[in-house]
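The sequence shown maps to residues 16 to 212 in this note's numbering.
No lab work stands behind these hints, which were simulated from the structure alone.
Virtual Cβ for every residue (Gly too), placed ideally from N, Cα, C.
Just so you know, not all the hints are guaranteed correct.
Here are the computed distance ranges between Cβ atoms for each label pair [what the hints assert, rightly or not]:
(1) Arg209 / Pro83: 17 to 25 Å
(2) Pro120 / Leu145: 18 to 26 Å
(3) Ala181 / Leu75: 30 to 38 Å
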Amino acid sequence: MAHDDPTAIYTRGGDRGRTSLLSGQRVPKHAPRVCAYGTLDELISCLAVVAAQLEASQNLPTRPPADPWRVLMAQLQQIQADLMVLAAYTATEDDQHHRLARLTPADATRLEAEIDAATAAMAPLTSFILPGGHLLAAHLHWARAQCRRGERELSRLAEDQSVPSAVLVYVNRLSDWLFTMARWVNHLQHIPERPWP
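Please build the complete structure, drawing on both the sequences and the hints.
Quick look at the structure:
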């Protein structure tokens, strides 16, 4: 039967509203830890859409490695990998964290350097802006909103369970990175920002 097959997509184990953490512990699907890593999964998937659009619209295989679009693709792929580490960490109880790879302050510092480099090439912000412009930029703004939701979920989780400061710093900085790269895409496409109000 399918639920006895280790390669099966469905296991029937979650049919009653419970799921397993990486340790095997069963928890409700609405548990704070599950909500946190579920939101991170949404964000990883949204970034996959951004990367696919980027590759399709910019014909990346023909571009040199230093091209800004290829640089952005490499940055997106690294962030997806970072978020997988973070999701695995979030899906694991505190006493099992020592078994996992983890983010460090250097990961947030890397995001800051990328933010600074893009910001230096653009006109300074003088007002709030409305999300939009190029489709890639719009999806980066959408990812930013998902990232903020993930940050709220992690903040809620941190009230009752151990969440390293490097995790919270990374997610906070990532939302800034996504906002900046949305602006960067519109800058590269010569699409003006729409101020608000």
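Going down the list of hints, with the structure as the test:
1. Taking the beta carbon of each, Arg209 and Pro83 are about 22 Å apart, inside 17 to 25 Å as hinted.
2. Here the CB-CB span from Pro120 to Leu145 is close to 33 Å, at odds with the stated 18 to 26 Å.
3. Look at Ala181 against Leu75: about 31 Å separates their beta carbons, and that is inside 30 to 38 Å.
Figure legend: structure checked against the earlier numbered hints; the only hint not met is number 2.
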